[in-house]
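Q: Chains as they are written, first to last, in our numbering: chain U, 1 to 516; chain P, 517 to 616.
Accuracy of the hints is not assured; some may be wrong.
[Unchecked claim] Cut-off 25 Å, straight-line C-alpha distance, at most; resulting in silico cross-link-like pairs (SDA-like, lysine to any residue):
1) Lys376/U / Leu575/P
2) Lys372/U / Ala590/P
3) Lys376/U / Arg529/P
4) Lys372/U / Ile572/P
5) Lys335/U / Val532/P
6) Lys163/U / Arg529/P
7) Lys335/U / Val564/P
8) Lys163/U / Arg592/P
9) Lys376/U / Ser525/P
10) Lys348/U / Leu494/U
11) Lys335/U / Glu568/P
12) Lys163/U / Arg566/P
13) Lys513/U / Leu426/U
14) Lys376/U / Tyr528/P
15) Lys335/U / Arg529/P
16) Lys372/U / Arg529/P
17) Lys163/U / Ala590/P
18) Lys372/U / Ala579/P
19) Lys335/U / Leu583/P
20) Lys317/U / Glu568/P
21) Lys163/U / Trp587/P
22) Lys335/U / Leu576/P
23) Lys335/U / Ile572/P
[Stated by the list, open to error] Quick look at which bits of chain U chain P covers, simulated, 3 or more residues with Cβ under 8 Å:
24) 275-286
25) 389-403
Derived by calculation from the structure, the hints in this document are not laboratory data.
Backbone N, C-alpha and C fix where the C-beta goes; we use that ideal spot for every residue, glycine too.
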Amino acid sequence: MKDGFRQQMSWLHTWCGLTAGWVLCAIFLTGTLAVFRQPITQWMEARPVVQDAAAGDRAAVLRAATAHLAANAGKARFWRIELPGENGGPVLLVWQGGGPVALNPVTGAPLTGEQAASRKTEGGRHFMSFHYMLQADTPGYWLVGWASMCMLVALVTGVVVHKRIFKDFFTFRPGKGQRSWLDAHNATAVLALPFLFMIVYTGLTFFYTSYMPWPLQAVYGQDGYQRYQLELDGKQGAARQPRGGAPAAMYDLALLVPQAESLMARPARRVLVEQPGRAGMVVRVFGPADDHRAETIANTLSSVAFDGVTGAVIEVKAPKVDQPTTSADVHEVLKALHLVRFGGWSMKWLYFISGLLGTAMMATGTILFCVKRRKKSEQEFGRATAGVYRVIEALNVTAIAGIALACIGYFYVNRLLPVEWNDRALWEIRAFLWLWLATLLHALARPFMRAWVEQLAAGAVLCFALPLLNALTTGQHLFAYAAAGDWQRAGVELVALGFGVMLAVMALRVRRKDPR
Amino acid sequence: MTANTTRVSARYRWEVAGRFVLAGVGGYALTALLSTVLALALPSIAGVSRAEGVLIGSLLSFAFYTLYALWVFATRSARRVWVATVLACALLYGTQVVLG
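Modelling step: build the complete structure from the supplied sequences, incorporating the hints.
A: See the structure below:
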């Protein structure tokens, strides 16, 4: 630590930023990808493109679905019907202990063989789980919490250290070595600063009852969470329908679904039937999980519950537009802010770009640490300094190029694992983690400039070849998706190509610096 | 530490390690106590409901934690940081027992 307030803050910024920066790069890149986890899951499931649902007779399809479930799952405690989203696809039937069975969304006839195929996969959810617990359960979850606190500290100290924050925003001197890295670090940080503060704070408060449970326990006792939530909502728990009961016939779904849609003012995406075929039957119709037409940021999932026998409306849940906001909405809004549950695709793209800027900010920061010391060692570690610097260089390669390589590798594993395996999802995640470990070993074994070039180039090649791999393994590809209007899956491959260009440019630039 | 000393004293290393532990563990304890006392006290001093007290105390805790970590590394005397933290924790714990 050095003398003087600004020097001390600078010291803290350097070391806090460096040590947390490695894991934060991985958290940020996967979090950025998780913005588009649904399109990624769709791409990984690799369902064949089916005709557009709008062309079919939905009432007939719903009746066919009910008939199929009654015949095959009469004793199940629940039925679930997944209706096609904006991308088409089949109608899916799931029940307690069974399914999914895919129905043709136009005719309602069960799809068989090739047409019904969907790959078992963890999909985009993997990026989300890795983002908040590093696929390492409770220790991973606390490590992410610690890294997030370090990020808050690094952000505040970063602002303290940079006195010319406004001027820095307009300053970029490329091709000037260390000065350019500092400019890039400042420019990305300043540009994304409000986003970075928001995303890290909402990330921490997302789990506030787990990270900081003590106020809640002091006031409500050990198991007080339920009572706390009820008091915050200012109401008692919703009345439950009596369970089970005598056999009864179900009200026509083809009438309930359109009614729910007009009550929610949203298309129906999922129908859940609780206690099917019994007097206590409840039919819940849910709107889209990804609501593009949200009028409010407190954008809770819309749903309508019906008495399954009489068709009477029990409960309507919709985003609160006209009602006043209460303290019960605070956490919902913090969550919505973190998960981009508002603003539709344009907001998702903004988050995606801001997330990439944040990743770039951390990457340039950790690289700056090394660039500065390549010129003149600061001897912070006595005789071990050179060795420590070597390890830091390797960790930088792993945290930036390595995690990118592991992410694109994850897509490859999805396509290359045998389709008939049951543990595919597990092995996809294992392969991702092994690949990341391999990049660390590679970075330690090779001269670090070579390691940068090799890993960045490998990532670029994998990104460029993704549509080709898809065409070879499933017969689907960018142009097929685009022709069918499936822009979500086409988008996954287009973004991969974009990443390919970025990684290739980086690889070429590092190579020019390294004459060997 | 100045830039031209090539060796760093062992004492300096221990001091940095101590501040790191204090910022992490001490900071968490202090923050937990402070937000708990806030949650207990807010209903009577600010007129919010019991649940809102918990919400406000918990959500502010992350800001307290950040500020405390900055203070740990900004204060010149490491001993002063240790003494102040222990005293503050004791005081807050006493308040929590009285209020709870």
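Q: Each hint should be assessed against the structure and marked as holding or not.
A: Against the structure, the hints come out as follows:
1. Lys376/U / Leu575/P: The hint is violated at about 43 Å.
2. Lys372/U / Ala590/P: Holds, at roughly 24 Å.
3. Lys376/U / Arg529/P: At roughly 22 Å apart (the allowed maximum being 25 Å), Arg529/P and Lys376/U satisfy the hint.
4. Lys372/U / Ile572/P: 43 Å, violated
5. Lys335/U / Val532/P: With Cα atoms ~36 Å apart, Lys335/U and Val532/P exceed 25 Å; violated.
6. Lys163/U / Arg529/P: 29 Å, violated
7. Lys335/U / Val564/P: 23 Å, holds
8. Lys163/U / Arg592/P: Holds, because 22 Å separates the two Cα atoms, which is no more than 25 Å.
9. Lys376/U / Ser525/P: Distance ~21 Å between Lys376/U and Ser525/P Cα, so the pair holds.
10. Lys348/U / Leu494/U: 16 Å, holds
11. Lys335/U / Glu568/P: Holds - the C-alpha atoms of Glu568/P and Lys335/U are around 17 Å apart, at most 25 Å.
12. Lys163/U / Arg566/P: 42 Å, violated
13. Lys513/U / Leu426/U: 40 Å, violated
14. Lys376/U / Tyr528/P: 22 Å, holds
15. Lys335/U / Arg529/P: Outside the cut-off at roughly 40 Å; violated.
16. Lys372/U / Arg529/P: Holds. Lys372/U to Arg529/P sits at ~22 Å (cutoff 25 Å).
17. Lys163/U / Ala590/P: Roughly 17 Å separates the two Cα atoms, so the pair holds.
18. Lys372/U / Ala579/P: Cα-Cα ~32 Å, so violated.
19. Lys335/U / Leu583/P: 23 Å, holds
20. Lys317/U / Glu568/P: 23 Å, holds
21. Lys163/U / Trp587/P: OK: Lys163/U and Trp587/P at ~19 Å, within 25 Å.
22. Lys335/U / Leu576/P: 16 Å, holds
23. Lys335/U / Ile572/P: 16 Å, holds
24. 275-286: The restraint on the stretch 275-286 of chain U is violated, since only 0 of its residues have a Cβ under 8 Å from chain P and three are required.
25. 389-403: violated (count 0)
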